[in-house]
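Protein chains in written order, with our numbering: chain A, 1 to 556; chain B, 1 to 188.
Don't read these hints as lab results, they were simulated from the structure.
Where hints are given, some of them may not hold.
[Said to hold, decoys possible] To be clear about the criterion: a stretch of chain B counts as covered by chain A if any three or more of its residues have a C-beta under 8 Å from a C-beta of chain A, and this derived list gives those stretches:
{"id": "1", "region": "12-21"}
{"id": "2", "region": "49-61"}
{"id": "3", "region": "86-100"}
{"id": "4", "region": "147-160"}
{"id": "5", "region": "172-184"}
Backbone N, C-alpha and C define an ideal beta-carbon position, used for all residues, glycine too.
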Amino acid sequence: MTVISILAIAVTLLIMIALAKPVGLYLAAAFDYAPNRINRIFSPIERILYKISGVREESQSWKMYALSLIGSNAIMIFIVYLVLRFQGMLPLNPAGIANMEPTLAFNTAISFMANTDLQHYSGESGVSYLSQISVLVFAMFVSPATGLALVMAFIRGLTGKAAGNFFVDLIRALTRVLLPVAFVSALLFVFMGVPQTFEPAATATTIEGTQQEIARGPIASFLAIKELGNNGGGFLGVNSAHPFENPNGLSNLLQILLMLLVTTSLPFAYGKMAGSIKQGRVLFVSMLMMLIVMTSISLTAEHVGNPALNALGIQHDQGSMEGKEVRFGEAQSAFYSVITTAAETGAVNTMHDTLTPIGGMVPLVNMMLNTVFGGMGVGFVNVLMYAIIAVFLSGLMVGRTPEFLGRKIEGKEMKLIAVTLLVQPFLILVPTAIALATNPDTISNPGFHGLTQALYEFTSSAANNGSGFEGLGDATPFWNISTGIVMFLGRYVSMVTLLAVAGSLAAKKPIPQSSGTFRTDTAMFGAVFVGVVLIVGALTFFPAVVLGPIAEQLTL
Amino acid sequence: MRIIWVTLRTTFTLAIVCCLIYNLAVWAVAQAAAPDKANGSLIRNAEGQVIGSSLIGQSFTDPGYFHGRVSSIDYDANGSGTPNYAPSNPELLTRTEKSIAEWKTENPDVAISELPIDLITNSGSGLDPHISPAAAEAQIPRVSKATGIAKDKLEQLIQAHTQGRSLGLFGEPAVNVLELNLAVQAAK
Numbered sequence: 001m002t003v004i005s006i007l008a009i010a011v012t013l014l015i016m017i018a019l020a021k022p023v024g025l026y027l028a029a030a031f032d033y034a035p036n037r038i039n040r041i042f043s044p045i046e047r048i049l050y051k052i053s054g055v056r057e058e059s060q061s062w063k064m065y066a067l068s069l070i071g072s073n074a075i076m077i078f079i080v081y082l083v084l085r086f087q088g089m090l091p092l093n094p095a096g097i098a099n100m101e102p103t104l105a106f107n108t109a110i111s112f113m114a115n116t117d118l119q120h121y122s123g124e125s126g127v128s129y130l131s132q133i134s135v136l137v138f139a140m141f142v143s144p145a146t147g148l149a150l151v152m153a154f155i156r157g158l159t160g161k162a163a164g165n166f167f168v169d170l171i172r173a174l175t176r177v178l179l180p181v182a183f184v185s186a187l188l189f190v191f192m193g194v195p196q197t198f199e200p201a202a203t204a205t206t207i208e209g210t211q212q213e214i215a216r217g218p219i220a221s222f223l224a225i226k227e228l229g230n231n232g233g234g235f236l237g238v239n240s241a242h243p244f245e246n247p248n249g250l251s252n253l254l255q256i257l258l259m260l261l262v263t264t265s266l267p268f269a270y271g272k273m274a275g276s277i278k279q280g281r282v283l284f285v286s287m288l289m290m291l292i293v294m295t296s297i298s299l300t301a302e303h304v305g306n307p308a309l310n311a312l313g314i315q316h317d318q319g320s321m322e323g324k325e326v327r328f329g330e331a332q333s334a335f336y337s338v339i340t341t342a343a344e345t346g347a348v349n350t351m352h353d354t355l356t357p358i359g360g361m362v363p364l365v366n367m368m369l370n371t372v373f374g375g376m377g378v379g380f381v382n383v384l385m386y387a388i389i390a391v392f393l394s395g396l397m398v399g400r401t402p403e404f405l406g407r408k409i410e411g412k413e414m415k416l417i418a419v420t421l422l423v424q425p426f427l428i429l430v431p432t433a434i435a436l437a438t439n440p441d442t443i444s445n446p447g448f449h450g451l452t453q454a455l456y457e458f459t460s461s462a463a464n465n466g467s468g469f470e471g472l473g474d475a476t477p478f479w480n481i482s483t484g485i486v487m488f489l490g491r492y493v494s495m496v497t498l499l500a501v502a503g504s505l506a507a508k509k510p511i512p513q514s515s516g517t518f519r520t521d522t523a524m525f526g527a528v529f530v531g532v533v534l535i536v537g538a539l540t541f542f543p544a545v546v547l548g549p550i551a552e553q554l555t556l
Numbered sequence: 001m002r003i004i005w006v007t008l009r010t011t012f013t014l015a016i017v018c019c020l021i022y023n024l025a026v027w028a029v030a031q032a033a034a035p036d037k038a039n040g041s042l043i044r045n046a047e048g049q050v051i052g053s054s055l056i057g058q059s060f061t062d063p064g065y066f067h068g069r070v071s072s073i074d075y076d077a078n079g080s081g082t083p084n085y086a087p088s089n090p091e092l093l094t095r096t097e098k099s100i101a102e103w104k105t106e107n108p109d110v111a112i113s114e115l116p117i118d119l120i121t122n123s124g125s126g127l128d129p130h131i132s133p134a135a136a137e138a139q140i141p142r143v144s145k146a147t148g149i150a151k152d153k154l155e156q157l158i159q160a161h162t163q164g165r166s167l168g169l170f171g172e173p174a175v176n177v178l179e180l181n182l183a184v185q186a187a188k
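Looking at chain B on its own, in the form it has when it is part of the complex (with noise of 0.2 Å):
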């Protein structure tokens, strides 16, 4: 009996530590120490008007802009998620197929030889914000074409807004879709 007692009173001073206490004292810390990140990476235009986050994804259609990887959600950030397909599943291979075929399209300069495997595959999250150097380079004609913009100009964007390993060692280089088509189109 002594232990349901004991268990209750633990319970409660346990909560008051473990989620109150805890949970506000990073929360009032983040606050104050760096409120743009703990708010969610926010990005504002000139208005003050969010035009959404530097680390979640939006999907791009206009050939005038960098096209981010496969989202299964369409980069419905209320969520995430993806169709969860196994290497042996033919839905796998029928959507890459297509993705394929999409590309030819839109892309008649680019061999499918240099089409990098991250564009046509869906992200773990669905909302993933990068796209591979080799992703971007690969789009260059196509934007270059539809936008006017000098294909060495677009290539010193790429490298603008890649970001590199951190430390120089850990992860891999990615560029961030939403910036780099956010300079597009302050270059267009």
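So that you can see chain A by itself, here it is in the shape it has in the complex (with noise of 0.2 Å):
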């Protein structure tokens, strides 16, 4: 690794910084109701939209948000499922591929409705064309955008404004966010040389008197959503290592920064609503030194590389580059396993599988924690979850009622979020179990290495990121209603219990800052809320990551 390599780390988080404060203050200011400029561009267009879909812009009750959420999500994913059904009966198939397989169908509609894009069929081979575009695009832009409703409601509901209309934030995420950005991205992409077309498979000669068929397709709109939605599904099976998906270091940085947009600038957004920007910026402090711990934990370990390849005496001053792509070399490769874990995003430009153990260790603790700024929406929501327990153990142990922002956390709300801690660990580690005991020749790599290829499935699926440890042949109806199951749990159960906790605390009166209020803008509550992370996290999963990557790499 050079210099270079780790200077343009920096440079990229140096971006990612840059862009935080102005696209938070943008996002504050094109979710609020309140009459602004943002408003007054983008009103005349929505309002032919909320005609067309019926919609009215009237506040819904919490209950009535939390309902029109997973309400219109099931909807959806029911309709996502029926065209995967039948997609080899429909126009636009021009490799003539067959209808899903109703397993793979049910998981694959939920994992895009999810923002989590587990794929257990291959792009080439498994959706057409008219999938592709429609229905897999579709949930690529829907499920970000329900994401994006539910953490400005989450946070309305903790500044004790009212939820909002889940619809109109809907269509605001898509309209004032998610459209105007893929758009400009797509193109961008398109001169960097992702193709954009809906021709078939090119078939070529090679020069040594070979048939080479070429797959494409519509592939740059579908990634600038992708990235940008948190959402991680490729178009072609190897996702982002594919040289149509990602062909040079430029779309790789692009796609790295419109990863890390939207989540990194809702810690902003979130404080310029509560009203001082300092509560945010202690928050996204904190993220970042968790992901430059993560980044240097991963730079190393794929730079020493695997032992057993070094010693075979050849010349591996490039790290470990087993499943990896020489443009981007070890430096990115290992960069983009970080932050698409971070990120919940669950793009891959390289093999997670082949990663060395604890370079392949970070991003499955990325995804266990899901707080190192994490998914589009819920990753915040979630950071904000566990800035509420911070405070509330910092409380119980000085001895006073917790106070978040003025209101006061009680046993309602504090049941609420034992609940949505507990659901996570259940949902990874029985199913692992399960997996482990009933479909062990499904893993395809001997020994720790197995354990963690079923730990990161569901660790993955939970975490709604969609990246996986492609080895495992995750093709079968046990992985495919399992995760599938996991998924929608991982997704739909915290938004429900996170938005009652938000008007729970929504209706609660403020009470005035005191000399003993502990305060939640100060680098010690940073430490606080980071400790608490990491003790409920390594409380939770130690044990599973000690026998998976750590084992691993005490045997190489």
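Join these two chains into a complex; the hints should help.
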């Protein structure tokens, strides 16, 4: 690894930091119901969409907001399912791809609507062009928009405002954020070499005289929303490791920035909405610290490489190159694996199954913690939940009633949060144990790594990430159904419980800040927050991580 | 009940906007502004026949050409993938030892210590169009012997087909194997 490779990562992080605050302020204004300049620009177009859709611009109760969110997503999952089941008979299918099998369609429909994009099919052979550009792209727009609506409603609750209207938030997320940014970045991707065509695969006669079929398609438009919406599902089987889906260092940079764009700006949007940017900045800095630590561990592990291969006497300055692409090298591959799991996107530019054990542990831990920025909207809601836990624990330690943004945290909220906290390890560890006991033949790598493969699959599903240790033979009814259920519960249970927390807090009378109030905008609070995240994470997952990646590292 | 009705209508509206308008708008601008790239950066020969894509690797076995990376799918670009061998998988070691043995027979003049790791590892996509500059250099003696092209000339060709880091910063320098081999073919 050269100094330039590390400098490139530092520059990327600096661009991310520079973008976070202005984008956050824009988001806060874009989702404000009071008249402002952004509303004046976008409202005329949106009114047309509301009219066609039958949306009334009226504030909903917390229950109605949650019901609209879950209800609309459930109906959309069903529509996506139907199109996948019948894609073989529908138009725009030049490769003649067959209908998707029921358990796989179940998995895929939930996967894309739950912002996970775990893929048990391969893009080249499993879905038609129609499925790709209609239902999958549709879900890739609507699921991040749902996440963005959720986080805005949640912050409104914490700051004592009304919930707003789910459908208005959903459409605003699309017209004001996702569609314009996706359109511009899709075109930038085309200029970098990403195809956007409806022509079928090209046939080439190679120099050595053999035939080569080259799959292509409308990849650029898919790719832009895949990264921006923290979706992560690839148009082609190997996702952003495919040269068409990530042709060079520049496209790689744009993908990383798109993954981080919204999720890193949300702390600032929150600070603005809470009336003090400092409230958001402390969370941003805490998460940035965790991100830098994760990046450093991953870079070191991949640079040291695989001792077993290095011992063969070859030249290994490039670090571990199995499952990596030359144009990215070890540094950009390791960095991408950290970002894609921090921002819960799940796009990959290197095969995570082939990462060194410690290099593979970093993405796993990112998904287990789910608080190193996290996915579109839901990630930051999770972060705020941990902030409330941090306040609660600090309150217990000094014997005062804990308050967050001037509202008392009481038994009701903590019960809902405790349920949310317990659901995640339950969704990861129990199915992993069942899978290892009942389906050992689907695991492709022997030894401790096999355990990590199953653990990774369920962690990725529960965290709605979608990357995988892809050696796993996961296109079976067992994996399709089990991960489908885990993705669904991992997405929607916490949405409901945390909206209930927001509703409950919004109804409380704010109490004025006094000298005894535990402040949530100081470095001290940032440290407590990180401590809580790490302690809760370690208590829950440490044994599983020791049995998987750490044990594997020790055997090399 | 109202939610169901609004959802169905919203789904319809958003399908028009996000699927139809968005995809087609990107497609129209892409095809007008950068048709070559939008159709897959295909390379054609003098007769106009497609001989590959500058972004997609091909399998090269002739000793007179530069070879690409290991591909478990043998550069079948109608799919993509790797065997996903974990670092602890014994098959990874077996395959690598086999690649090293083949290297020794094909390149008797170059020591193993000069064999870069990217040449004997499977790429992420199985379609990696590149090798590292060191991996190209290591093949100069073999290609020179098989084609009769001078080593200096091959050195120049490698440099001409090495793409640097994007903006001088992002990614790693890489040699495009297909484009390099086309130049080798022309120089023969």
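**Message:** Of the numbered hints stated earlier in the document, which are not met by this structure?
**Reply:** 4
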